[in-house]
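Undergrad: Here the protein sequences line up with chains A and B, keeping their order. According to our numbering, numbering within the first sequence proceeds without interruption in unit steps and concludes at 511. According to our numbering, numbering within the second sequence proceeds without interruption in unit steps and concludes at 240.
Honestly, the hints are just simulated from the structure, not real lab data. Just so you know, not all the hints are guaranteed correct.
[Said to hold, decoys possible] Straight-line distance between alpha carbons at most 30 Å, and here's what the computed DSSO-like set of lysine-lysine pairs gives:
#1 Lys200(A) <-> Lys276(A)
#2 Lys460(A) <-> Lys89(B)
#3 Lys460(A) <-> Lys16(B)
#4 Lys89(B) <-> Lys200(A)
#5 Lys16(B) <-> Lys115(B)
#6 Lys276(A) <-> Lys171(A)
#7 Lys460(A) <-> Lys213(B)
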Amino acid sequence: MRFESQRVAWWFFATCMLLFTLQLVYGFILGFAHAGHDVLHDVIPFHTARATHTNLLVMWLLCGFMGAAYFIIPDECDRELYWPGLAKLQLAALVVVGVTAIIGFHVNWWEGRKFLEIPRPLDFLVVVDVLAFIANIGMTVWKGRRLTTTSMVLFFGLLMAALLYLPGMIPTDNQTIDSYWRWWVVHLWVEGVWELIMGGILSYLLIKLTGVDREVVEKWLYVIVGFTFLSGILGTGHHYYFIGTPRYWLMVGGLFSALEPLAFLGMAIYAISMAKRGGRRHPNKVALSWTVGCAVMSFVGAGFLGFAHTLPQVNMYTHGTLVTAMHGHMAFWGAYAMLVLAIMAYAVPLMTGRHLHASAASTFAFWTSNIGMIAMTLAFAVAGVTQVVLERRVGMDFISVQKEIEIHFWGLILAAGLFTTGILAQLWVFIRSGLPVGDRVAGTREGEDGYDAG
Amino acid sequence: MLSKSQARAFFLVGTAACSLAFVALTVDTFGQLPSRTNAAAITPEVARGKQLWDENNCMGCHTLFGEGAYYAPELTKVYERRGEFFIRAMLVDPAAMYPGERKMQRYDFTIEDQDALIAFFRWAGTVDLNGFPATPNLMPIAVGDGVAATGGRPQLFNTLCIACHAMDGQGGRVGPALDGVGSRLDAAYLRRWLENPTAVKADSRMPVLPLTDAQIDELVAFLSQQKD
């Protein structure tokens, strides 16, 4: 770590860990409800728990991206953050808006729009907050002493993510148009510009952790984000099969979203080959595990499992079933949750000066959470496929089918227990790492991040 | 070998081309949406229904057009499948309609709001969804599309009763199957039962449905004929 203002990232990461832990609590509420034990129905009904579960995810991932940007951009641009104070203010404001939204969900104050449930007045506050963040990052890049591809990709990813929030706020009385714009936000985020952010963060981590030449890493970064947009933009069509939009979306969406796994495969090959090429034996091995693991698991979850039901012939039967939940859980975990955990695994020791990455708890957290998530995905898969066959193919009544698959949710709950154990271990490592006060900063040149000389 | 500037050019050109194509398709789509979505039928009442759908986050449990959560039934064709009578009864007292089953929140909607939601569901059923939801095609025993094969039954039976009771293998499993019910119970008993189940059997969990006399006549006549 070379600049004092990078330390602000720690507060974003601490918020991440807090919200992530809370997200798991709500996940269990949903799991037990599906298993037939909706015991909190009168206090936290299913739709409240679900909106909270997904919005906490979105919020902690955005918090993680912001923290990552505040850590990476000064290092890449070779200067302190332009407005270090604004970063803290902006985090505080985001937390206030987030907490207000979550409380709102518990008192029936929301918009019933999947993933964008935050009530409209708060949407505007989110926009203002994100603009402050973008301005801060943008000014740092603009006034920076050097302009790197990694920082540009990261900056434009964040800027586009902010701009693409706006279509979701277009008012309409037509459910189809409502859905159409909603996917501009949700799809073009997770299968578009968020992958720019992902590419930027991964390439930063690979440069730092493997010692492979920046030119090589960044060249392939362009190729991969190129494939992402080539497939991902028109791949939005896989949300436009059955919502009232024209029939040609079946072909456009099917064709281009079938290419999406290639972008993720490219990302996985890229991370693995850079890690192999790197001559540097970086001591923070667990950060490299999260980095490569992120690329691999995002291929499995987002690429492979997404492809499993993206073709319209298949999606006709799986659309709106638990098969989507199967794909969704591993995709978000692999692509984005692991990404934030990767940058945290790298950055937190540098900010606090306590290098716990060699501890058994770090390794335990990595493997337990990943094995837990794989098991969760399998449980969702069994439940989802059974639902598709019984309800959509055979024609059994919805509620009868749900009773048939209750047992698989007990499997899910067990797997989620394992996953949670891993995340709690990660939380423990984070807490033991302490506050961002340690380690030298002054006089450190690039590549001398405490220990990673190279 | 690929240079960094070539890689950058690939990224910029590819992204620009795809973005332009996407915008062009969006423009074309919006040209087609008014007719495909039957937009002329979006009355203020339908719009009010959509507003209620949003305000109460119905999508947090149900799906519409296949979008939402997977905790409660898909509602795209609910107007056709269950009919107005069932939807209204469900909106008035959800817990009564599926006793002992997965619970829905009770909202105490006004009559006007119930009408608006029903109008919204009726509109949603008319949108051209490219064939979604598909007809079950593997040993189909479905209510809904199976109804064609059961044309001899009263409409009310096929939309309302079947939600909880099965006949010929079709329908819900909340209450007992009604095959051969006419052999077990006589018309007078069936009539008293439909008027108020708990008056006949104190621990019955079947709701008192606001059926008219004509509707009860029709159902009793039909059920009495169901002999083993």
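Undergrad: Now tell me if each hint is right for this structure.
TA: Each hint tested on the structure:
no.: 1; hint: Lys200(A) <-> Lys276(A); verdict: holds (24 Å)
no.: 2; hint: Lys460(A) <-> Lys89(B); verdict: holds (22 Å)
no.: 3; hint: Lys460(A) <-> Lys16(B); verdict: violated (56 Å)
no.: 4; hint: Lys89(B) <-> Lys200(A); verdict: violated (57 Å)
no.: 5; hint: Lys16(B) <-> Lys115(B); verdict: violated (58 Å)
no.: 6; hint: Lys276(A) <-> Lys171(A); verdict: violated (37 Å)
no.: 7; hint: Lys460(A) <-> Lys213(B); verdict: holds (26 Å)
The structure is inconsistent with the numbered hints 3, 4, 5 and 6, although it conforms to all the rest.
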